[in-house]
Amino acid sequence: MTSYGLRARVITLTLAPTLIIGLLLSGFFTLNRYNDLENQLITAGTDIIEPLAIASEYGMTQQSREAVRRLISYAHRKHSDIVRSIAVFDSHHELFVTSNFHPNFQSLTFDKTKPIPLISTIEQSKNNANILILRSPILAEGQFENPTGKEATPNQALGYIAIELDMSSLRLQQYQEIFAALMVLIFGIGLSGFFAYRLMRDVTLPISHMVSVVDKIRRGHLDVRIEGKLHGELDTLKSGINAMAMSLSEYHVEMQHSIDQATSDLRETLEQLEIQNIELDIAKKRAQEAARVKSEFLANMSHELRTPLNGVIGFARQMLKTELTTNQADYLQTIERSAQSLLSIINDILDFSKLEAGKLLLENIPFDLQETLDEVVSLQATSAHEKGLEITLNIDPKLPPALVGDSLRIQQVLTNLVGNSIKFTERGNIDISVELRSSSENKAEVQFIVRDTGIGISERQQAQLFQAFSQADASISRRYGGTGLGLVITQNLIEQMGGEISLTSRLHQGSTFWFTITFQTTNMPLSPAIDVSQLQDKSVLLVEPNHQSAHIIEQQLLESGMTVTYSDHLPETQASFDILLLNISPSATVDQNQIAFLIQQGLAISTKMILGLPSTELALAENLIKLYPVQCISKPIIRKKLLQMMLPNQAQSMLLAAPEAPHNEKLPVRVMAVDDNPANLKLISALLDEQVMHVTTCSNGAEAVAKASQQSFDIILMDIQMPHMDGVTACEHIRASQLNSHTPVIAVTAHAIDGERERLLQSGMDDYLSKPIEEHVLHQLLVHWNPYTVSGTIEKLESPEDKQDKTHNPLSLSDGCIDWLMALKQAANKTDLAQEMLHMLVEFIPQVDQQIESALATPAGAEAELLAIVHKLHGSCAYCGVPKLQNVCATIETALRAEQSIEDIEPELFELQDEMAKIVQAADEYLG
Numbered sequence: 015m016t017s018y019g020l021r022a023r024v025i026t027l028t029l030a031p032t033l034i035i036g037l038l039l040s041g042f043f044t045l046n047r048y049n050d051l052e053n054q055l056i057t058a059g060t061d062i063i064e065p066l067a068i069a070s071e072y073g074m075t076q077q078s079r080e081a082v083r084r085l086i087s088y089a090h091r092k093h094s095d096i097v098r099s100i101a102v103f104d105s106h107h108e109l110f111v112t113s114n115f116h117p118n119f120q121s122l123t124f125d126k127t128k129p130i131p132l133i134s135t136i137e138q139s140k141n142n143a144n145i146l147i148l149r150s151p152i153l154a155e156g157q158f159e160n161p162t163g164k165e166a167t168p169n170q171a172l173g174y175i176a177i178e179l180d181m182s183s184l185r186l187q188q189y190q191e192i193f194a195a196l197m198v199l200i201f202g203i204g205l206s207g208f209f210a211y212r213l214m215r216d217v218t219l220p221i222s223h224m225v226s227v228v229d230k231i232r233r234g235h236l237d238v239r240i241e242g243k244l245h246g247e248l249d250t251l252k253s254g255i256n257a258m259a260m261s262l263s264e265y266h267v268e269m270q271h272s273i274d275q276a277t278s279d280l281r282e283t284l285e286q287l288e289i290q291n292i293e294l295d296i297a298k299k300r301a302q303e304a305a306r307v308k309s310e311f312l313a314n315m316s317h318e319l320r321t322p323l324n325g326v327i328g329f330a331r332q333m334l335k336t337e338l339t340t341n342q343a344d345y346l347q348t349i350e351r352s353a354q355s356l357l358s359i360i361n362d363i364l365d366f367s368k369l370e371a372g373k374l375l376l377e378n379i380p381f382d383l384q385e386t387l388d389e390v391v392s393l394q395a396t397s398a399h400e401k402g403l404e405i406t407l408n409i410d411p412k413l414p415p416a417l418v419g420d421s422l423r424i425q426q427v428l429t430n431l432v433g434n435s436i437k438f439t440e441r442g443n444i445d446i447s448v449e450l451r452s453s454s455e456n457k458a459e460v461q462f463i464v465r466d467t468g469i470g471i472s473e474r475q476q477a478q479l480f481q482a483f484s485q486a487d488a489s490i491s492r493r494y495g496g497t498g499l500g501l502v503i504t505q506n507l508i509e510q511m512g513g514e515i516s517l518t519s520r521l522h523q524g525s526t527f528w529f530t531i532t533f534q535t536t537n538m539p540l541s542p543a544i545d546v547s548q549l550q551d552k553s554v555l556l557v558e559p560n561h562q563s564a565h566i567i568e569q570q571l572l573e574s575g576m577t578v579t580y581s582d583h584l585p586e587t588q589a590s591f592d593i594l595l596l597n598i599s600p601s602a603t604v605d606q607n608q609i610a611f612l613i614q615q616g617l618a619i620s621t622k623m624i625l626g627l628p629s630t631e632l633a634l635a636e637n638l639i640k641l642y643p644v645q646c647i648s649k650p651i652i653r654k655k656l657l658q659m660m661l662p663n664q665a666q667s668m669l670l671a672a673p674e675a676p677h678n679e680k681l682p683v684r685v686m687a688v689d690d691n692p693a694n695l696k697l698i699s700a701l702l703d704e705q706v707m708h709v710t711t712c713s714n715g716a717e718a719v720a721k722a723s724q725q726s727f728d729i730i731l732m733d734i735q736m737p738h739m740d741g742v743t744a745c746e747h748i749r750a751s752q753l754n755s756h757t758p759v760i761a762v763t764a765h766a767i768d769g770e771r772e773r774l775l776q777s778g779m780d781d782y783l784s785k786p787i788e789e790h791v792l793h794q795l796l797v798h799w800n801p802y803t804v805s806g807t808i809e810k811l812e813s814p815e816d817k818q819d820k821t822h823n824p825l826s827l828s829d830g831c832i833d834w835l836m837a838l839k840q841a842a843n844k845t846d847l848a849q850e851m852l853h854m855l856v857e858f859i860p861q862v863d864q865q866i867e868s869a870l871a872t873p874a875g876a877e878a879e880l881l882a883i884v885h886k887l888h889g890s891c892a893y894c895g896v897p898k899l900q901n902v903c904a905t906i907e908t909a910l911r912a913e914q915s916i917e918d919i920e921p922e923l924f925e926l927q928d929e930m931a932k933i934v935q936a937a938d939e940y941l942g
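Add 14 to a position in the sequence shown, counting from 1, and you land on the number used in our numbering.
You may find that some hints are simply not true.
[Stated by the list, open to error] Pairs of lysine-lysine residues, derived as BS3-like cross-links and limited to a Cα-Cα distance of at most 30 angstroms, are as follows:
1. Lys-932 / Lys-655
2. Lys-680 / Lys-844
3. Lys-230 / Lys-401
4. Lys-655 / Lys-412
5. Lys-655 / Lys-696
6. Lys-696 / Lys-680
7. Lys-654 / Lys-437
8. Lys-640 / Lys-552
9. Lys-844 / Lys-898
10. Lys-401 / Lys-680
11. Lys-552 / Lys-696
12. Lys-844 / Lys-308
13. Lys-230 / Lys-243
14. Lys-721 / Lys-680
[Said to hold, decoys possible] Taking CB as the label site, the calculated pair distances span:
15. Ser-105 / Leu-33: 54 to 60 angstroms
16. Gly-254 / Ser-278: 35 to 41 angstroms
17. Pro-737 / Asp-703: 25 to 31 angstroms
18. Ser-726 / Lys-844: 26 to 32 angstroms
19. Thr-603 / Ser-472: 33 to 39 angstroms
Simulated from the structure, these hints should not be mistaken for laboratory data. Quick caveat: nothing in here was measured; it's all calculated off a predicted structure. For glycine and all other residues, C-beta sits at the position ideal for the given N, C-alpha and C.
Can you build the whole structure from these sequences, using the hints too?
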């Protein structure tokens, strides 16, 4: 502690008790004396007024004013030092006599509306704080008769006496007592301060000297000592400090010798470290060069392989635009799928490279689980059916239909696992199960299981499965093919999604792979529901040789409200059913004559017959549809397609129905759409024009706030990320306006990340709409927030089927970079609008390319500008049917928001430039 701190502490510990005790005692005794003086004055007044009240009884009874006056005058003169005035009032509160003149006798009277109290009262004057008023009743206690001869009633109040006491002298005496107490307190504090000063001088000055000496020792003056005579503990402390200084002096000499030796050793060590650093730097440069060469090799390999594959795929798609038979179209589609499989191998290698570099980013967007899994099963069905394998998909009905995650990576994982199962299975089943493990308010833990009846894996071989470029058996790569990267990529992808993967297997008895992932759930409608009310209580005969597949189909039909009768072969019965579903096993030899015989038997059982054929028998399905009144569906059975075929008035083909007519009835509401992207704003405006009567558009938040202050709207669609004023801020300003303080504001954003919906709703938004905008979802939101809609009658609009007949509509084809089907769907099936949106995107691409070149040339501080323009491009992609470009934009935008540098995302920027160049080149075909 410093000398100042010690001095302050001595003063505080000395004066504080004296001050506290002095204040308490002074306050206590002064307060008691203060109250005693007041009580003495009141007692003196009581001793005056009560005898006067007794003595005045006779005079009041006889109404003798002179007698009463003599009494009160004598009392006033005797106690004139404290009495200012004495007044006697009769029973009617009228002044009877007074000892002297008073300017306001009314202040001395009792309340005239109340009877006279029978006891004495004390009251502080309301006009003067130094005046005390005492009142005492004059009671008739004697047997006196009044002049009228009437005797007074005992204890009757004949009147009362009021005395006005002067408290000025009392106050002066009280102040003198307080002053005396303060003087005693100050004297005590001064005396304590004197003793504190003496104590501080005797203690703190030696300690300050010791501190000075210790500071000199600390700075290296080890020959300094404390001199002088001290007392008690201070002398002991002085001896200790001097002894410490002597020890430090001796230790300093020894330490100096040690430092000299250590310095010599350190010089030798530094020389060795410098040599090692040079060697490490050389090794680092070699490693960086090796990584660069590896990246160049992968990029070159990707380019060299993709170039011919793009030619194969492109010409195959060009052929698909011409008039072809079903078999020719099937062959060309097989060529395209084969080329896509080769591309998937290339993608595996590139994904593995990204995973090793830690640059593979995952999307987090809502997706329909049923459609995602149906697509995987449909793509793998042909490979399974070619080997005679049955492939099934069983989804837990308790699972929420919409999850938030990376659906493409989920498909990649399942495609790899199912593809491996098909590859290593010669007979039997490939069963895919999806189960709900647990669920909370907005999360769901989902387990995916892939079982096969293949060759199995031994325990020793299982340890090698998740290693790069390796397989369980060295001979497998020669027999079955494959890069050995699939399971490594699968494991890494699952771990990045926060899940885990494992397996159980026995040699020659099959394998079971399972992985568990926790997804966010969403209430956003992603796909239209099928109205199965017309199928309620319909009787269905299900003929399916495979029991696992039959169980799944039976459960799906029962959930739709139908009555199902199952058999593993076509029964010879005369019973009639509404629908007959006859499935042919992929392992069976398909003979057209035998199928024709089964069809004739089936038509005798039901007039509506659906034939489930392996996916390898498309040509057979076409011939059967032409020859017989049956419908054909490809196995594995997709629930949505099956229910659509079972509904009345459905076309007898495996092709999807034509798009339904859009809604023509417009809602009588005023809608304002706000978006800074011209393409997005144009599309939203076009979609709204078809559904509502009045549409107002704004290109920024400030303009929206200005229009909201001028006119009222029924619904506002607000983009979130805009320059100058974002959507949340604009919503706050609109809420503050009088015209639209209660107007529902719907957030429109392309970022469906975890918690984004909750964050926007908490910030003041009323609902949430993700990009790209689906027409039926927009319609449902408009109906839901329509202020003129009667509660309980909200219309549910089913979206039209998205796919069209590719044979007769060349623009419906999708190539590697532009998905025209998606573009048409996002433009409400309007070709001219889709072409205009694509044209606007192509015009914007050069600006993006210029910004990327600038950022690559001078990366320092260019992240913010690059993020803004990539976000704008991302929003434009959401309406032009360019999923690959959209995914690359999402990857770059996510990386920039995670504050990654431009050098870290340089490969992705090159990929973005490459994809934009493809879009510009491919757009000529659609723009004419």
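Hint-by-hint comparison with the structure:
no., hint, verdict
1, Lys-932 / Lys-655, "violated (34 angstroms)"
2, Lys-680 / Lys-844, "holds (18 angstroms)"
3, Lys-230 / Lys-401, "violated (93 angstroms)"
4, Lys-655 / Lys-412, "holds (21 angstroms)"
5, Lys-655 / Lys-696, "violated (34 angstroms)"
6, Lys-696 / Lys-680, "holds (19 angstroms)"
7, Lys-654 / Lys-437, "holds (28 angstroms)"
8, Lys-640 / Lys-552, "holds (26 angstroms)"
9, Lys-844 / Lys-898, "holds (22 angstroms)"
10, Lys-401 / Lys-680, "violated (53 angstroms)"
11, Lys-552 / Lys-696, "violated (46 angstroms)"
12, Lys-844 / Lys-308, "violated (46 angstroms)"
13, Lys-230 / Lys-243, "holds (20 angstroms)"
14, Lys-721 / Lys-680, "holds (23 angstroms)"
15, Ser-105 / Leu-33: 54 to 60 angstroms, "holds (59 angstroms)"
16, Gly-254 / Ser-278: 35 to 41 angstroms, "holds (36 angstroms)"
17, Pro-737 / Asp-703: 25 to 31 angstroms, "holds (26 angstroms)"
18, Ser-726 / Lys-844: 26 to 32 angstroms, "holds (30 angstroms)"
19, Thr-603 / Ser-472: 33 to 39 angstroms, "holds (34 angstroms)"
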